[in-house]
Amino acid sequence: AQKVTQAQTEISVVEKEDVTLDCVYETRDTTYYLFWYKQPPSGELVFLIRRNSFDEQNEISGRYSWNFQKSTSSFNFTITASQVVDSAVYFCALSDHAYLTQGGSEKLVFGKGTKLTVNP
Amino acid sequence: DAGVIQSPRHEVTEMGQEVTLRCKPISGHDYLFWYRQTMMRGLELLIYFNNNVPIDDSGMPEDRFSAKMPNASFSTLKIQPSEPRDSAVYFCASSFEGEGSYEQYFGPGTRLTVT
Numbered sequence: 226a227q228k229v230t231q232a233q234t235e236i237s238v239v240e241k242e243d244v245t246l247d248c249v250y251e252t253r254d255t256t257y258y259l260f261w262y263k264q265p266p267s268g269e270l271v272f273l274i275r276r277n278s279f280d281e282q283n284e285i286s287g288r289y290s291w292n293f294q295k296s297t298s299s300f301n302f303t304i305t306a307s308q309v310v311d312s313a314v315y316f317c318a319l320s321d322h323a324y325l326t327q328g329g330s331e332k333l334v335f336g337k338g339t340k341l342t343v344n345p
Numbered sequence: 026d027a028g029v030i031q032s033p034r035h036e037v038t039e040m041g042q043e044v045t046l047r048c049k050p051i052s053g054h055d056y057l058f059w060y061r062q063t064m065m066r067g068l069e070l071l072i073y074f075n076n077n078v079p080i081d082d083s084g085m086p087e088d089r090f091s092a093k094m095p096n097a098s099f100s101t102l103k104i105q106p107s108e109p110r111d112s113a114v115y116f117c118a119s120s121f122e123g124e125g126s127y128e129q130y131f132g133p134g135t136r137l138t139v140t
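Chains as they are written, first to last, in this note's numbering: chain A, 226 to 345; chain B, 26 to 140.
Simulated from the structure, these hints should not be mistaken for laboratory data.
In this text, all values refer to a predicted model and were calculated from it rather than measured experimentally.
Glycine included, every Cβ here is placed at the ideal spot set by N, Cα and C.
Accuracy of the hints is not assured; some may be wrong.
[Claimed, not checked] FRET-style restraints, in silico, Cβ to Cβ: (1) D82(B) - T303(A): 33 to 41 Å; (2) Y289(A) - P33(B): 31 to 39 Å; (3) K103(B) - P265(A): 27 to 35 Å; (4) S299(A) - K93(B): 34 to 42 Å; (5) A226(A) - R136(B): 23 to 31 Å; (6) N96(B) - Q294(A): 38 to 46 Å; (7) K241(A) - R66(B): 17 to 25 Å.
[As the list claims (entries may be wrong)] List of simulated lysine-lysine pairs, BS3-like, C-alpha gap at most 30 Å: (8) K103(B) - K93(B); (9) K228(A) - K337(A); (10) K93(B) - K263(A); (11) K295(A) - K93(B); (12) K340(A) - K295(A); (13) K241(A) - K337(A); (14) K103(B) - K337(A); (15) K49(B) - K93(B); (16) K263(A) - K295(A); (17) K263(A) - K103(B); (18) K228(A) - K340(A); (19) K263(A) - K49(B); (20) K49(B) - K103(B); (21) K295(A) - K49(B); (22) K340(A) - K241(A); (23) K337(A) - K263(A); (24) K295(A) - K228(A); (25) K340(A) - K49(B); (26) K263(A) - K241(A); (27) K93(B) - K340(A); (28) K337(A) - K93(B); (29) K295(A) - K337(A); (30) K340(A) - K263(A); (31) K263(A) - K228(A).
Given these sequences and hints, build the entire structure.
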């Protein structure tokens, strides 16, 4: 069964600090996709990144970076020089293998989320 | 282009009443998902459609829940009769089967309160 664990329920930092959100996943499949979504206080879910299981290169997008390590089944997310606007709940998600053969969209299994508060 | 549209944004109803949540996916998207978010269970997929056909409804909690997608631009999630434990935020999301594009675009959600 697919499972995503975000062990950090809540994190509080002061602005300009770096912060890493952990994500550990479980799957028996060799082909899968990992995602991060952001849910700001307004409530909508915003897509941040998708990563397939064959691409272990780290990715950087502005102040955001992602570290994918298959050896430890982790897909961690780091925010550098955090800002108050980064305050949100962040979700890690894993695609369900059963639907990959259909192409396109996957059924997503979400972690419970990490609530990040960035204080001024 | 407009994003996923959901209505109503907030719904308060009494136990036993029928509740209908509505979703308009992004034009051109051929997948539509219904999720439920609660503090206890987090984000759960209830059902999803591909080209208006339900593909997997294993997440639907019980027979009181039903979902339809009569055409590519509209879907409903109905709860009849509603119960207090159905109180949650219900999200609709859509995506399309395109090369390298697996992002699910979420609507703003409907916050349902059943008293």
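Now the hints, each set against the structure:
1. D82(B) - T303(A): 33 to 41 Å: Once the Cβ atoms are compared, 37 Å apart, the range 33 to 41 Å for T303(A) and D82(B) holds.
2. Y289(A) - P33(B): 31 to 39 Å: For Y289(A) and P33(B) the Cβ distance comes to about 33 Å; the hint holds.
3. K103(B) - P265(A): 27 to 35 Å: 29 Å, holds
4. S299(A) - K93(B): 34 to 42 Å: Holds, at about 40 Å.
5. A226(A) - R136(B): 23 to 31 Å: Check passed, 30 Å falls within 23 to 31 Å.
6. N96(B) - Q294(A): 38 to 46 Å: 44 Å, holds
7. K241(A) - R66(B): 17 to 25 Å: 35 Å, violated
8. K103(B) - K93(B): Holds: K103(B) and K93(B) sit about 8 Å apart, inside 30 Å.
9. K228(A) - K337(A): 10 Å, holds
10. K93(B) - K263(A): 28 Å, holds
11. K295(A) - K93(B): With Cα atoms ~39 Å apart, K295(A) and K93(B) exceed 30 Å; violated.
12. K340(A) - K295(A): Satisfied, since the Cα-Cα distance of roughly 25 Å is no more than 30 Å.
13. K241(A) - K337(A): 26 Å, holds
14. K103(B) - K337(A): Holds - the C-alpha atoms of K337(A) and K103(B) are around 25 Å apart, at most 30 Å.
15. K49(B) - K93(B): Roughly 12 Å separates the two Cα atoms, so the pair holds.
16. K263(A) - K295(A): Roughly 23 Å between the alpha carbons, so the hint for K263(A) and K295(A) holds.
17. K263(A) - K103(B): 27 Å, holds
18. K228(A) - K340(A): 19 Å, holds
19. K263(A) - K49(B): Holds, at roughly 22 Å.
20. K49(B) - K103(B): 15 Å, holds
21. K295(A) - K49(B): 37 Å, violated
22. K340(A) - K241(A): Within the cut-off at roughly 17 Å; holds.
23. K337(A) - K263(A): 12 Å, holds
24. K295(A) - K228(A): Holds - the C-alpha atoms of K228(A) and K295(A) are around 15 Å apart, at most 30 Å.
25. K340(A) - K49(B): It holds: about 29 Å lies between the C-alpha atoms, which stays within 30 Å.
26. K263(A) - K241(A): 19 Å, holds
27. K93(B) - K340(A): 33 Å, violated
28. K337(A) - K93(B): Cα-Cα ~28 Å, so holds.
29. K295(A) - K337(A): Roughly 21 Å between the alpha carbons, so the hint for K295(A) and K337(A) holds.
30. K340(A) - K263(A): 10 Å, holds
31. K263(A) - K228(A): Holds, at roughly 19 Å.
Hint violations for this structure: numbers 7, 11, 21 and 27, all remaining hints satisfied.
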